[in-house]
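Asker: Sequence:
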Amino acid sequence: MSKLPDFEAWAIFARVAETGSFARAADELELSKATVSKAVSRLEARLGASLFHRTSRRLSLTESGRNALERANRILAEGEAVEAETAAQSVIPRGVVRLAAPVSFGLLHMADILPDFLARYPEVTLDVNLADHKVDLVAEGYDLAVRIAQLQDSSLLARKLCDMRVMLVGSPHYFEAFGKPQHPRDLLQHRCFTYANVETPDLWRFANAAGEEQSVTVSGPMRVNSSESLSPSLRAGLGVALQPEFICWRDLQDGTLETAMCDWRPPNPALHIVSPPGRLRPVRVKVLMDFLAERLAAAPWQTGF
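Position 129 (the sequence shown) corresponds to 129 in the UniProt record's numbering; numbering is contiguous.
Hints are supplied without guarantee of correctness; some may be wrong.
[Stated by the list, open to error] Here are the computed lysine to any residue pairs in the SDA-like style, where the Cα-Cα straight-line distance is at most 25 Å: (1) K286 x A119; (2) K3 x R71; (3) K134 x S226; (4) K33 x R58; (5) K3 x E78; (6) K134 x F291; (7) K180 x L203; (8) K286 x A149; (9) K160 x H109.
[Claimed, not checked] Label-pair ranges, simulated between beta-carbon atoms: (10) P232 x A119: 30 to 38 Å; (11) D116 x G20: 22 to 30 Å; (12) R159 x L59: 56 to 64 Å.
Note that these hints are calculated values from the structure, not bench results. By construction, the Cβ of each residue, glycine as well, lies at the ideal position given by its N, Cα and C atoms.
Use the sequences and the hints to build the structure in full.
Answerer: Here it is as structure tokens:
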């Protein structure tokens, strides 16, 4: 494999040619004169050609030096530009942030707030992927993901925003017709809608305040991969479901749906922002994390039902 170009030496050569002096170039670059001289000598040895004519009074470019100078100047200019741009980005939020979030939560509670973020940070571009499957942040190149889960230990960094409650809900019409379940075993007699994107869609787990745990295998007329899509069937009185509060809270407020079996609760997840390992994040990522925390930590679905 060939060696990489000696970019530092080319940049030093360009500055020596500009100033016409090894000493002045050394002062401008805050390097020793010996370091500057060695960098140019290193280039000349690598090229097998002299870049400068040197006398005790004068320094001038050779033909090889003149031919190389334009490209060397470009190397120096590009290096200065990339450092200046990167330094600016560490202060001013700028660039693309790739964000993943669950479909229902993204549509119901993120779509309305992201315009405020874009107005606040006009030089940031969002690349948002709404999907209910768990994306691999590192392999797929995401900066952040919003996750609703009981997180397992992993190398990802997680920031908890708020708790998320899950509750058993149905319409008043359904409960009038079939009765309200009081115990998990009662669900064996009910039409239960299930959510596919969990490990065991048909196995529902509950616990009560005394610490007792109960599991029941349910059945019903529909399984979906988006909890929000169950809302019309629940409102129509066709069954019951375990629904996240952030989806059903308005229906609970206006009485379209009711909770049941309140003494028995399924495991409650939490809303998190997760990011790849590593503590150094671009400022554009940091400001999005802070914005989401500001707007979602005290969310409107926390109704007190």
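Asker: Flag every earlier hint the structure violates by its number, smallest first.
Answerer: 11
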